[in-house]
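Trainee: Please arrange chain B on chain A, whose structure you already have, making use of the hints.
Protein chains: 2
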Amino acid sequence: MKKSIGARPIVYPTPVFVIGTYDKAGKPNVMTAAWAGICCSSPPCVSVSLRKATYTYGNIMEQRGFTISIPSQDHLKEADYFGMVSGKKEDKFSATGLTPVKSELVNAPYVKEFSLVLECKVIHTYEIGLHTQFVGEILDIKAEEAVVGEDGLPNIEKVKPFLYVPEHRIYYGVGEFLGKAYSVGKAVQGT
Amino acid sequence: MKKSIGARPIVYPTPVFVIGTYDKAGKPNVMTAAWAGICCSSPPCVSVSLRKATYTYGNIMEQRGFTISIPSQDHLKEADYFGMVSGKKEDKFSATGLTPVKSELVNAPYVKEFSLVLECKVIHTYEIGLHTQFVGEILDIKAEEAVVGEDGLPNIEKVKPFLYVPEHRIYYGVGEFLGKAYSVGKAVQGT
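The listed protein sequences correspond, in order, to chains A and B. Mapped onto the working numbering, the consecutive letters of the first sequence carry residue numbers 45 to 235. Mapped onto the working numbering, the consecutive letters of the second sequence carry residue numbers 45 to 235.
Incorrect hints may appear among the rest.
For chains that are exact copies, the list does not tell them apart, and a pair is met inside one copy or across any two.
Cut-off 20 Å, straight-line C-alpha distance, at most; resulting in silico cross-link-like pairs (EDC-like, lysine to aspartate or glutamate) [unchecked claim]: (1) 204 with 220; (2) 46 with 148; (3) 47 with 181; (4) 132 with 106; (5) 230 with 134; (6) 202 with 220; (7) 204 with 134; (8) 202 with 67; (9) 46 with 157; (10) 47 with 184; (11) 68 with 157; (12) 68 with 148.
No lab work stands behind these hints: they were computed from the structure. Quick caveat: nothing in here was measured; it's all calculated off a predicted structure.
So that you can see chain A by itself, here it is in the shape it has in the complex (with noise of 0.2 Å):
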């Protein structure tokens, strides 16, 4: 029997993605996103939603790039610490000791101590609601070489990325593996 929870945002998994982008005066700062995920294959994009109070919203809408640093377990705590405060206020990467390192491609720094790291140029800009949506073509991904496997793709048992649960507003680890798309279905196929 089901029950009504409400008209809430939540669904499982949720990212933890940390936003880094300039301001005006070139001052790099992260921020902590979970209202995001890739929208479309060709040409690659992900989506993010900020809401306007931010100051990642109004660094995007100056420069039209963005960087995405997927942190892992390791860096738990400077990942929440990016999401409480403002970089407004706060310089988060001399707070943290992490470094920001300019993206060739667009104008947004990207935390050099994290393993994987999206470039995307915005293509799209939606008002939602409270959020807005930027729809960023992924212009390139990089890795460090160590969680890189010998098929060229990232590892994501060596990338170690963890996941966000909504209303809860708790952490969770990635698990283990369950088996291979378009493959363990075929067991129904058969029936």
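Mentor: Coordinates of chain B only, in the frame set by chain A:
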């Protein structure tokens, strides 16, 4: 040292959502989608990107509503199957033995056996590229009583959702609790 991986649609984690719709004749259909996520808090909205070639695309354009049933690890093979075949050719509910239930809020069915369900009304349709993005306002979430905690919210450890790894096309479970958001980051602020 970071190396270029190329322009690809990769982020971690990526969700596995089962999208429920009716066609013109009222036949229930489900498909699996991973290019999706929460995109606004108020009104609570979720975005789902689909190719025009899918049966679900036409159904949503017709009905202006859809459901998202979040599969648990226990239904891994059914969720994978839902992404392998088209509703144009197959009756996926019959093939899996799962049960369509008509939403009382939108003209779309959800999967009775899946413990967490969102009922969504389309409020925006955005053309991005190969994929069209539907923004659905979450009118209600319904959850099996067995997965709802004492706080009235679904418990992710009971829902047991899983995630999709793009490009590798594999599934992973949700791992262990790591910490509280807006809390573990205080360790940085205190420094």
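Trainee: Take the hints in turn and mark each one as holding or not.
Mentor: Evaluation of the provided hints:
When the C-alpha separation of residue 204 and residue 220 is checked against a cutoff of 20 Å, the pair qualifies both within a copy, at 11 Å, and between copies, at 12 Å. Taking the shortest alpha-carbon separations for residue 46 and residue 148, only the inter-copy value of 13 Å comes in at or below 20 Å, while the best intra-copy value is 50 Å. Proximity of residue 47 to residue 181 under the C-alpha cut-off of 20 Å is restricted to the inter-copy arrangement: shortest distance 19 Å between copies versus 39 Å within a copy. For a Cα distance limit of 20 Å, the shortest separation of residue 132 from residue 106 inside one copy, 15 Å, qualifies, whereas the shortest one across copies, 45 Å, does not.
In this assembly of identical chains, the alpha carbons of residue 230 and residue 134 lie at most 20 Å apart only when taken from different copies (14 Å versus 52 Å within one copy). For the identical chains of this complex, residue 202 and residue 220 are neighbours both inside a copy (13 Å) and across copies (16 Å), given an alpha-carbon limit of 20 Å. Taking the shortest alpha-carbon separations for residue 204 and residue 134, neither the intra-copy value of 27 Å nor the inter-copy value of 37 Å comes in at or below 20 Å. Proximity of residue 202 and residue 67 under a CA criterion of 20 Å is satisfied in neither setting, with 32 Å inside one chain copy and 42 Å between copies.
Proximity of residue 46 and residue 157 under a CA criterion of 20 Å is satisfied inter-copy only: 10 Å between copies versus 44 Å inside one chain copy. Taking the shortest alpha-carbon separations for residue 47 and residue 184, only the inter-copy value of 10 Å comes in at or below 20 Å, while the best intra-copy value is 44 Å. Within a single copy, residue 68 and residue 157 get their C-alpha atoms no closer than 24 Å, and across copies no closer than 52 Å, so neither meets the 20 Å cut-off. Taking the shortest Cα distances, residue 68 and residue 148 sit within 20 Å of each other inside one copy (18 Å), while across copies they are farther apart (49 Å).
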